[in-house]
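A.B. asks: Listed below are the residues making up each chain.
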Amino acid sequence: MQEAMKKRAKELLASGEVTRVIGWKKNEFDYDITPAVFESAEEIDRDFRYDDFCGPNLSKFTFKNQKNDTKTLVFLKPCDTYSMTQLITEHRVNRDALYLIGIPCFGKIDIEKIRADGTDGILSIASEGADVTVKTLYGDKTYVKADVMAERCLACKSKYHTIYDELMGEEGEVMETGRFNEVEKLEAMTPDERFGFWRGELSRCIRCNACRNACPACTCESCVFDNPDTGISQKAAADSFEENMFHIIRAFHVAGRCTDCGECSRVCPQHIPLHLLNRKFIRDIDKLYGEYQAGEEVGQRSPLVNFTTDDAEPDIVRKGGK
Amino acid sequence: MPISEFKPKIVAFCCNWCSYAGADLAGTNRLNYPADVKIIRVPCSCRVNPIFILRAFQRGADGVILCGCHPGDCHYTTGNYYTRRRMTLLFSMLDYLGIEKERTRVEWVSAAEGAKFAAVMQDFVKTVTELGENKRLEDRRCKKP
Amino acid sequence: MIFSYYPGCTLKTKAKELDAYARRSAEALGITLSELPEWQCCGGVYTTAEDEIATKLSSVRALMEAKKEGHALVTLCSACHNVIKQTQYALNTDDDMAFKVGNYMQCDARAEADTKVIHYLELLRDIVGFDELKKNVKNPLTGKKIAAYYGCLLLRPSSAMQFDNPENPKIMEDFIRAIGATPVIYPMRNECCGGYITAEDPAMAKKNSTAVWESAKDFDADYIITACPLCRYNLIKSESPLPVIYFTELLAEALDVK
Amino acid sequence: MQKIGVFVCHCGTNIAGTVDVKAVAEALSHEPGVVFAADYPYMCSESGQNLIKDAIREHGLTGVVICSCSPRMHETTFRKAAASAGLNSYMVEIANIREQCSWIHKDMKTATEKAVILGRAAIAKVALNTPLTASETPVTKRALVIGGGIAGIQTALDIADAGFEVDIVEKEPTIGGKMAQIDKTFPTLDCAACILTPKMVDCAQNEKIHIYAYSEVESVKGFVGNFTVGIKKKARYVDETKCTGCGLCTEKCPMKKTPNLFNLGLDTRSAIYIPFAQAVPKVATIDADYCNMLKNGRCGVCSKVCTAGAIDYHQQDEHIEEKYGAIVVATGFNPIKLDNFDEYAYAQSPDVVTSLELERLMNAAGPNGGTLLRPSDKTHPHTIVFVQCVGSRDTSGCGKPYCSKICCMYTAKHAMLIRDKYPDTEVYVFYIDVRTPGKNFDEFYRRAVEEYGVHYIKGMVGKVMPQKNGKLLVRASDLLAGEQLKIEADMVVLAAAIEPDKTARSLATMLTASMDTNDFFTEAHPKLRPVESPTAGIFLSGVCQGPKDIPETVAQASAAAAKVIGLLVKDKLKSNPCIAHANETLCNGCSSCERVCPYGAITYVDKEFRMPDRTTKIRRVASVNAAVCQGCGACTVACPSGAMDLSGFSNQQIMAEVDAICR
Amino acid sequence: MLTNREKEQILISSGVDVRKCMRCGKCTGTCPAYDEMEYHPHEFVYMVEKGEIEKLMNSSSIYKCLTCFACVERCPRGVEPAKIIEAVRLAVIRKQGNNHIKAEDIPCMAEDDDTPGQLVVSAFRKYKK
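Protein chains in written order, with the working numbering: chain A, -8 to 313; chain B, 3 to 147; chain C, 13 to 270; chain D, 247 to 909; chain E, 56 to 184.
Treat the hints loosely; a few may be bogus.
[Claimed, not checked] Distance condition first, Cα-Cα at most 25 Å in a straight line; then the derived DMTMM-like pairs of lysine to aspartate or glutamate:
{"#": "1", "chain 1": "E", "residue 1": "157", "chain 2": "C", "residue 2": "107"}
{"#": "2", "chain 1": "A", "residue 1": "55", "chain 2": "D", "residue 2": "353"}
{"#": "3", "chain 1": "D", "residue 1": "704", "chain 2": "E", "residue 2": "90"}
{"#": "4", "chain 1": "C", "residue 1": "249", "chain 2": "E", "residue 2": "169"}
{"#": "5", "chain 1": "B", "residue 1": "118", "chain 2": "C", "residue 2": "226"}
{"#": "6", "chain 1": "E", "residue 1": "62", "chain 2": "C", "residue 2": "226"}
{"#": "7", "chain 1": "B", "residue 1": "137", "chain 2": "A", "residue 2": "184"}
{"#": "8", "chain 1": "B", "residue 1": "103", "chain 2": "A", "residue 2": "217"}
{"#": "9", "chain 1": "B", "residue 1": "103", "chain 2": "A", "residue 2": "230"}
{"#": "10", "chain 1": "B", "residue 1": "9", "chain 2": "D", "residue 2": "765"}
{"#": "11", "chain 1": "D", "residue 1": "732", "chain 2": "E", "residue 2": "90"}
{"#": "12", "chain 1": "E", "residue 1": "105", "chain 2": "D", "residue 2": "830"}
{"#": "13", "chain 1": "E", "residue 1": "183", "chain 2": "C", "residue 2": "226"}
{"#": "14", "chain 1": "B", "residue 1": "145", "chain 2": "B", "residue 2": "132"}
{"#": "15", "chain 1": "A", "residue 1": "58", "chain 2": "D", "residue 2": "859"}
{"#": "16", "chain 1": "D", "residue 1": "732", "chain 2": "C", "residue 2": "226"}
{"#": "17", "chain 1": "C", "residue 1": "218", "chain 2": "E", "residue 2": "61"}
{"#": "18", "chain 1": "A", "residue 1": "55", "chain 2": "D", "residue 2": "729"}
[To be verified] Label-pair restraints from in silico Cβ distances:
{"#": "19", "chain 1": "D", "residue 1": "354", "chain 2": "B", "residue 2": "145", "range": "21 to 31 Å"}
{"#": "20", "chain 1": "A", "residue 1": "278", "chain 2": "C", "residue 2": "174", "range": "46 to 56 Å"}
{"#": "21", "chain 1": "D", "residue 1": "354", "chain 2": "B", "residue 2": "132", "range": "53 to 63 Å"}
{"#": "22", "chain 1": "E", "residue 1": "115", "chain 2": "D", "residue 2": "617", "range": "35 to 45 Å"}
{"#": "23", "chain 1": "E", "residue 1": "115", "chain 2": "C", "residue 2": "115", "range": "35 to 45 Å"}
{"#": "24", "chain 1": "D", "residue 1": "288", "chain 2": "C", "residue 2": "115", "range": "50 to 60 Å"}
{"#": "25", "chain 1": "A", "residue 1": "169", "chain 2": "C", "residue 2": "32", "range": "51 to 61 Å"}
{"#": "26", "chain 1": "A", "residue 1": "282", "chain 2": "C", "residue 2": "150", "range": "45 to 55 Å"}
{"#": "27", "chain 1": "B", "residue 1": "129", "chain 2": "A", "residue 2": "59", "range": "46 to 56 Å"}
{"#": "28", "chain 1": "C", "residue 1": "215", "chain 2": "B", "residue 2": "129", "range": "39 to 49 Å"}
{"#": "29", "chain 1": "E", "residue 1": "115", "chain 2": "D", "residue 2": "699", "range": "54 to 64 Å"}
[To be verified] If we take Cβ atoms under 10 Å as the criterion, some of the chain C residues that face chain D in the derived model are:
{"#": "30", "residue": "14"}
{"#": "31", "residue": "15"}
{"#": "32", "residue": "67"}
{"#": "33", "residue": "174"}
{"#": "34", "residue": "180"}
{"#": "35", "residue": "194"}
{"#": "36", "residue": "198"}
{"#": "37", "residue": "230"}
{"#": "38", "residue": "234"}
Hints were generated in silico from the structure; no laboratory data involved.
Quick reminder that beta carbons are idealized off the backbone N, C-alpha and C, glycines included.
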């Protein structure tokens, strides 16, 4: 697939159809992949990658690196198409300046899972079908891919692309993989247990803002937490309250807009399962206001800027219904 | 602090058209409710940002209640419908984080419902008093020594 | 289809025919009435006083028993139906009552007594359906003019009974039509026969009952039907010239299982 | 540097009785920014206001906090006072220490402490207030009256008389409403048609008045001075401009078995009909449920006989949009359905009728040509029983909890008319109370008793029993005699409670006008603003606001008209400056705010921004139309970046209040 | 102050708010036991409100109510007079030795072969404690 993508990218550059290509590039290690802009065939030949480590959602990167006066090719995994659709709905990217190619995704590998196995001194990693081969200073290791796949990919919601100009590979389908199981587990706990759980998680937050930077829904010109005029700006959480506040408000601000791409948890250096906050909102919205998937179509109306006259009353929370 | 001495701090956001007028009517009819309740007037319940609610808890509130026109009767036609969704989701999130769900409430009080206003406030104060001090959403820096 | 069944004392003694015809007819209509394994007398009349708990417990036990069986509960005698329905209504609407009863029974009485309770006529109307009943009639009572006598217990208080329009009911008339006869509508059909007053003041009971059959007679009825043994007793005692029979007897006759 | 003045009102003893006002002023004088604090017996009095004005001038105050009654009472008073002393009127905040403090707390210490906290919150807020200036919007000089009964007619005539255009929307094919169905009026016994029909004709002939008959309001957008209303003209299958009202079609129409709704179904009419002789507009209408041509394409008689060629079987509903400066609601009432009152045998016997049905039975244009006959057998009734309060004052859930107000009087009228015309008829009226507060009302009722020999019996009817002989056995109690009565009557007349028309509820939602639990429209103030809805630009006329009789309805109708005229004579209206505004540098252009705005006040513009690297970038940003925004604030919360804020209730101001209260 | 305590007891036992009555008399207009009663349903409500309980307790009217619920059904104010009458009757028969019907009355009832058991238990419920 990677070679086909490179070929197509170069074709489009050569034809002048696009002048820039957004994709992934490898850094020092095989598993250290970052989004990048490619402007020439040489750059593509040298650095372009598409493999099971290309986790980053290119939609957010596209948003940050968009240019209006020229056309950019962007490769989008199914996940990323949802985010891209949502960004177009919110007028955050200029659709006319983009050429979108949908590409398949077979689940990405979580390097932390390999490391957690005690594997150190990694020299290279190759993923082929169901096998992942790791070459290290101390010898080779082989893993079954499903064992080292990222959690978000194990609970993948869709292999379907919601938007593209051109599709490479086969179109997939929306899937049901129990992505709310964790949320349900938490819901089943007592309030004290839940409080303990979240305190344990959120107290580790170092307010590095990685979640915010990676989140394709967090595209505000200026975040309320950075704006001294809002009265709630904070750089680092000085009290457990501020840890809660930041994450509650961040989740609330993306509620109804979050596509559940899982970037927040992927990038969190403290491994806080932030996606469980967003999924809670998604789950509540689905249950209370009907199934809703952000980023499914351009022009959708988010449930938070919508209503029906017979919506559930807020009481439902206190009374434990739902 | 023994429960009997505990006086909760309650912030009540009231929409100008229905609930604030309902609170006025409670006063006109001399219907008593605890002084722990302090009302903040907002044009519509939909003006209340979740940030305000968290801010109140941060600054030491033990309970926050939002009052608006009955659904369908909003002065601005649809404001309280948005309030209803926002607050349902926010309250559910607070509950998910293990924060006592009884500390937050939304009630619809019309301009004619002075008695309801007083009864709602009595009940809410009672509930919050029984819960005791807000510990789970407090900001220790804002507490008086 | 299986339903729990509460016959009540009188149906085991003086009103056996009310019970027997009901059972036979139900069978013919494909309904299984499974008598509660344990039941006590309902007490005959509901005590409205809120500080009377003990007199309500037999009904609560019947409700709980039925809940255990897992089926809706069918009653037949108007009095039993009234007492059980009113008890259930009180449990559901009066927190204090539910609390006290719960203390007696050592359980969450409201939750454990929430069985659906229906009268045999409601079974015919809502479960079997009068149209379906009509199809099953083998022996239509064509040409018979029948006055349905509701009395008080099936209808009132309507908040608890939820049986039919308390002032202009039609369930028994619809029943009469279903078995091929002609209903007679007369104004006294939902007025009291005197009930238990016959033990205290027989003349008064007679006066009340007479007014009922006179009204039915006035409108040219051939028979009076009822679901209540005491109504029937009072009407007969007051020398009604019209035969007073249980509705189940006519049902059995129409279904040809008499 | 803030210079805030605090003024604590005693309100006589209303506040000072439970709040230590001096202590409040003293405590608040130490708050940051406060340079002046005083208390005074009546701040709203002229001298109280002078105290404020003097302090503003003397201390150069930048903000004023008044601890007094509810801002709903005197906010405007104090704002005006501030403005006259040169301070922007939006630099005033009120701490409500009467309705929300002194009146609800009995303990002086508690109330004083609370008053101080409320004062602090107001000080914290006012410190962040900014001067605001109201913008102006033009007024559309045209009024809409919804409902064409006597209330709507009177309002429309008065507005037109003042020289303004006015439209009436009436859902029936003719205006006239309930009054057109009534035979005589109390307490004068003059003929309803004789006094109503000239007014109907005036409406039709007045060139300022346009009648949309057989029409309904579909949508209402906009705000005071600038409403846009969608009106649906229902298809009547007759071209209004061609029909001459000759009535030939109604004679020739073969479908004579159509229930005559104008006579409440007591007789029948043809499928094409003119409701009554004096209908306005006098135009035929086809009842699509009964017309053979419309149902199955077979007939067409009316079209053949119509010389004007007015019949149009293909007519469609027409949708019109009009602009208005003011809207008057005059949707009226109906008697309640009597389904819950079968003890009175209304459904069982045709001889049990409602009072409105009796009006038609006695009317010369009614089913019996004005002779009172029993509906069942068309015989002359010799005994008539009237039952009062059927569904009125009923808290059991079957009826309405309120007094319907008109029944006592119309029943006295009916009883009197019957005794006058048929002296051999005995009339019994069962009453709980006879309520006759009105000019010449009690005298009228007494005449019924003293001159006409109507039997008034205090007590209620328990049950009406139709007998085999066609009589109605009425069982009732006579409380004064201590008797249970059994009366054999020929007819029973039920004074059914009245309720607001069913269309009022959905209309209220469209108008954003509030209603009470009985679906009567709420007035802006029960005593002082009885003909206005709390929603600006919406006025109330007639029974839609509460039960009332004809004289009262007409009085209220004229009052509503006066209010409308007062609005329409203005060329411009000052609008509320407490509205939303977008901070363009923060705005993402995401459209969240646009989607929640109930007024469509938000639009987007592409704007060029200079970037830190000296390049420019064009971004889509929100822009609020100040004339359209009503200041609800829905957008401020929908906005994730905090770009939307609300003047007068800004994020910072509200949080300052929160902080002050929780301090 | 005896009557006030009695009144309290009647109000608690019946669960009726007598102050809701608007004196329309519909209960009495519909009562089938009217002729046999000295005090009628509306008077029960009014007299309990006034605290005149003793008169009611001493009257045979308390045994004449058929508990047919016609008054309850038809009252426009939801007052439920039948419950008041029952509460007064209970206040009487709950007193020691005040059973209105005695066990020895049963045989004479039983003599009548058709007497349904329902009648006996109902009469006991109403007239005996």
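A.B. asks: Next, verify each hint and record whether it holds.
C.D. replies: Tested hints:
no.: 1; hint: E:157 / C:107; in the structure: 35 Å, violated
no.: 2; hint: A:55 / D:353; in the structure: 61 Å, violated
no.: 3; hint: D:704 / E:90; in the structure: 19 Å, holds
no.: 4; hint: C:249 / E:169; in the structure: 9 Å, holds
no.: 5; hint: B:118 / C:226; in the structure: 53 Å, violated
no.: 6; hint: E:62 / C:226; in the structure: 41 Å, violated
no.: 7; hint: B:137 / A:184; in the structure: 15 Å, holds
no.: 8; hint: B:103 / A:217; in the structure: 29 Å, violated
no.: 9; hint: B:103 / A:230; in the structure: 22 Å, holds
no.: 10; hint: B:9 / D:765; in the structure: 40 Å, violated
no.: 11; hint: D:732 / E:90; in the structure: 12 Å, holds
no.: 12; hint: E:105 / D:830; in the structure: 72 Å, violated
no.: 13; hint: E:183 / C:226; in the structure: 33 Å, violated
no.: 14; hint: B:145 / B:132; in the structure: 20 Å, holds
no.: 15; hint: A:58 / D:859; in the structure: 15 Å, holds
no.: 16; hint: D:732 / C:226; in the structure: 16 Å, holds
no.: 17; hint: C:218 / E:61; in the structure: 34 Å, violated
no.: 18; hint: A:55 / D:729; in the structure: 91 Å, violated
no.: 19; hint: D:354 / B:145: 21 to 31 Å; in the structure: 28 Å, holds
no.: 20; hint: A:278 / C:174: 46 to 56 Å; in the structure: 32 Å, violated
no.: 21; hint: D:354 / B:132: 53 to 63 Å; in the structure: 27 Å, violated
no.: 22; hint: E:115 / D:617: 35 to 45 Å; in the structure: 52 Å, violated
no.: 23; hint: E:115 / C:115: 35 to 45 Å; in the structure: 36 Å, holds
no.: 24; hint: D:288 / C:115: 50 to 60 Å; in the structure: 59 Å, holds
no.: 25; hint: A:169 / C:32: 51 to 61 Å; in the structure: 57 Å, holds
no.: 26; hint: A:282 / C:150: 45 to 55 Å; in the structure: 53 Å, holds
no.: 27; hint: B:129 / A:59: 46 to 56 Å; in the structure: 55 Å, holds
no.: 28; hint: C:215 / B:129: 39 to 49 Å; in the structure: 59 Å, violated
no.: 29; hint: E:115 / D:699: 54 to 64 Å; in the structure: 39 Å, violated
no.: 30; hint: 14; in the structure: 36 Å, violated
no.: 31; hint: 15; in the structure: 30 Å, violated
no.: 32; hint: 67; in the structure: 26 Å, violated
no.: 33; hint: 174; in the structure: 13 Å, violated
no.: 34; hint: 180; in the structure: 4 Å, holds
no.: 35; hint: 194; in the structure: 16 Å, violated
no.: 36; hint: 198; in the structure: 8 Å, holds
no.: 37; hint: 230; in the structure: 5 Å, holds
no.: 38; hint: 234; in the structure: 15 Å, violated
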